[in-house]
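Q: Hey, can you piece these two chains together into the complex? The hints should help.
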Amino acid sequence: MSLFSKFESLAARRKALDESGAQPFNVVVERILSPTEAIVDGRQTILAGTNNYLGLTFHPECVEAAREAVTLEGTGTTGSRMANGTFASHVALERDIADFFGRRGAIVFSTGYLANLGILSALTDRDDVIVIDGDCHASIYDGCQMSGAEVIRFRHNDADDLAKRLRRLGGRAANALIVVEGIYSMLGDRAPMVEIAAVKREYGGFLLVDEAHSLGVLGERGLVEVADEHDSVDFITGTFSKSLGATGGFCVSDLPELDLIRASSRPYVFTASMCPSVIASTRAALRVLRRGPELRDKLWGNASRLYDRLSKLGLKLGPEPSPVIAAMFASVDEALALWTGLLERGIYVNLVFPPATPNGSYLLRCSVSAAHTFSQIDQIGAAFADAQKDYATSSAA
Amino acid sequence: MQSDEENLSKLCRVLQQHAKSDVVVSADTLLASDLGIDSVQLMEVLLEVEDEFDISIPLNVLPNVYSVNDLYVELQKLLGDGR
Chain A
1 MSLFSKFESL AARRKALDES GAQPFNVVVE RILSPTEAIV DGRQTILAGT
51 NNYLGLTFHP ECVEAAREAV TLEGTGTTGS RMANGTFASH VALERDIADF
101 FGRRGAIVFS TGYLANLGIL SALTDRDDVI VIDGDCHASI YDGCQMSGAE
151 VIRFRHNDAD DLAKRLRRLG GRAANALIVV EGIYSMLGDR APMVEIAAVK
201 REYGGFLLVD EAHSLGVLGE RGLVEVADEH DSVDFITGTF SKSLGATGGF
251 CVSDLPELDL IRASSRPYVF TASMCPSVIA STRAALRVLR RGPELRDKLW
301 GNASRLYDRL SKLGLKLGPE PSPVIAAMFA SVDEALALWT GLLERGIYVN
351 LVFPPATPNG SYLLRCSVSA AHTFSQIDQI GAAFADAQKD YATSSAA
Chain B
398 MQSDEENLSK LCRVLQQHAK SDVVVSADTL LASDLGIDSV QLMEVLLEVE
448 DEFDISIPLN VLPNVYSVND LYVELQKLLG DGR
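Sequence order for the protein chains is A and B.
Start counting the first sequence at 1; every next residue gets the next number (the working numbering).
Start counting the second sequence at 398; every next residue gets the next number (the working numbering).
Isolated chain B (complex conformation) (with noise of 0.2 Å):
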């Protein structure tokens, strides 16, 4: 299993990817704003780091997450879950 900060790490990669600004992707960042990126293209984006991390992010959890941290938050909680 990956550290927390590997995690991190990866997640932003994945992120970093796909910002149409020249935003540095980071804990802080928010996902639609700040990444330039539309509702459409982060649900995109999503099954991206759900296959990254061999996961899938439930649709329940989305409305409370704004920036990568929250993201990050919810990745944890799923990968100690096994799911």
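Only chain A is shown next, with the shape it has when bound in the complex (with noise of 0.2 Å):
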């Protein structure tokens, strides 16, 4: 067997991708042109599969904070936080953070996936358990199999089979972690927060909640908020990449502890610490979060809105109405023609694969922003229409 025969079931599927002549997963932005358009295969192309929720990539409060940033403290840190890659602005971040969750403590990480993995990773070890939701996310997975503590999954937001889990582990339940996500990426619905908060309170145990794709979505700083459950929740993780339009992730918390995490947490120790102008357009869009409601007011409508159009459509989608919206397909041909048929429109959504998607289903995953217009929403609303029609054309032919 060799090194590479892993890799030859990949290869057959990548070669059968090939074939239909749909690159799905090789999409260049030849030329990015605002929050929602871009240059992609030679033509304008409405975006709504970016996660910039609030739309703020070219907020010029973001553009200007960094381009002072990297113009007075340079292009990078070049080192570990625990080493020469602090700055006085990382400190500075983390206590915006912190003040932001109105939380004793913040860790700043370099990326969202890493603040999962660094989190769980030094927070557990081969004594502990972590109890998860069945959907959460490919960070949540690695830093619970990086801890090396025993992993248990529940029934994706279903509290009765939590309890059910904590029940079986006995006396072990009140020192578990338990892990949900506040909007989960690939269906765009929520956990319920009250009744999960429930669950832990009756067993004991941390409540560890992953405000990734909520936070600035949700109230201001996600379902915790929204659900009014500060006092549950004892770890908040999350991005900046998203609602904020930069990259890197932090975990707050009330817990003394949480300073202590640092140095034991490797993807936090060996990797290079956040850019200075990155911290900067971070800080920016913090403070323009904290604005007010109207970007939220507006992403929601603009959710509600293609929610609407698809569901007319007949797309069997998520849950519930929400800034991701995900139409669910039983067949690959499908979607993979309707992603074509949209790109060729010039529509960008996420094409997503099993075993990346809930119960084996293909996906085209939209997630809507603030920035996008009514017209923008109307547009991808008819172009997964016509991309419909032409598919059940040449399927019936």
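Hints listed in this document are in silico derivations from the structure and should not be mistaken for laboratory results.
Please note: incorrect hints may appear among the correct ones.
Taking beta-carbon pairs under 7 Å as the criterion, some of the chain B residues facing chain A (in silico) [to be verified]:
#: 1; residue: Ser430
#: 2; residue: Gly433
#: 3; residue: Val437
#: 4; residue: Ser453
#: 5; residue: Leu456
Glycine included, C-beta positions come from ideal geometry on N, C-alpha and C.
A: Here it is in structure tokens:
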């Protein structure tokens, strides 16, 4: 068996995709024009799969803050937070993010993926148990694996199933770490936070909520805020790469032990820290977010409009309107044909294949932005309708 | 508590319901290839196995579980553990 034999099935699937003419996983944004438009394949394209929820990537305050920081502090830190890579701005961002969440402390990581990896792997070890929602993001699964802890998953968004798992743990439940997400990245549904928190209070343990897709989308701070469960949640992780339009990740907590995690977290220690321009734009974006609900209101107006349009087309969507709107398909051919049809019509959405999807379905995943206009939302809806008609015609022939 | 033999029969019965091939499930059956289900479907089937035996199977053990017998061995450990 050769070193590369494990890639044989991937190579076969990739060949089949290449033969179909579609390149869904090699899309190149040739030129970015705005938070919602780019040149793709030589064509002006509406971006409807970027997670740029508040549309802040071109916000003048964020751009100016980044420009000023790169001029004053250079292009990168060239070092780990534990060595030469902690600038005053890293500490200031940690203060900002802790204050924003009303928590005692914060740790900032270089990406959102590393935040989950860094916290889970440092917080738990082989003597611990982590109980995760089955639809959790890969960064959570990877963090669990890196920790060496015993990992148990419960049925997606099923608080009764979580309770059952904790009951089976007996006395170990009191020290278990429960992990859920504010908004799940694939279908856009949110965790039943009140019910999850009630189970946690009944059995004990600790609760970590990943607000990667819900920060700035549900209330200012995410699902924990709108569910009014601040006191039930021990750790909140998240990313700066979606609603705040940059890169980087974080964990906040009221627990004084949070700071001890820094030195124990390999994904914190053994990577270069966020560069100054990214910190500056993130801090500016946070100020914009805190200024008021206008962007959020615009986002939800767009999300409801697109969800409604796609529902009326008879597409099978996630269970609730959300800025993440996924159309589910049982057939790879249909999903691929629609994805290609959308791109040809100047609409980019994400195409996601199992096993990255719930229930083994193929997804056309849209993410809506506050920066989309109603006209763009309507163009996305119309392109779905046309691509759907084309597929129906071609498959009937 | 049920006997080892009863547990194996019960496990085979649950898995048989989900087999997409005409295989008769036994201890030697390979979970993925013989049952004709993919890894995502297998995870769903395991949820049912967990409920049937009132246990939680840690994800950590799954990389070493290929056959029904491998799963049965893990299951016996968990039942002995009271989990």
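Q: So, for every hint listed, does it hold in this structure?
A: Here is how each hint holds up against the structure:
Hint on B:Ser430 is violated. Least Cβ distance to chain A is approximately 13 Å, over the 7 Å limit. Hint status for B:Gly433: violated, given a least beta-carbon distance of 14 Å to chain A, over 7 Å. With a least beta-carbon distance of about 4 Å to chain A, the hint placing B:Val437 at the interface is held under the 7 Å criterion. Annotation: B:Ser453 was flagged as interfacial toward chain A, and the flag holds, the nearest CB pair being 4 Å apart, inside 7 Å.
Contact between B:Leu456 and chain A, as hinted, is supported at the beta carbon level, the nearest pair being about 4 Å apart and thus within 7 Å.
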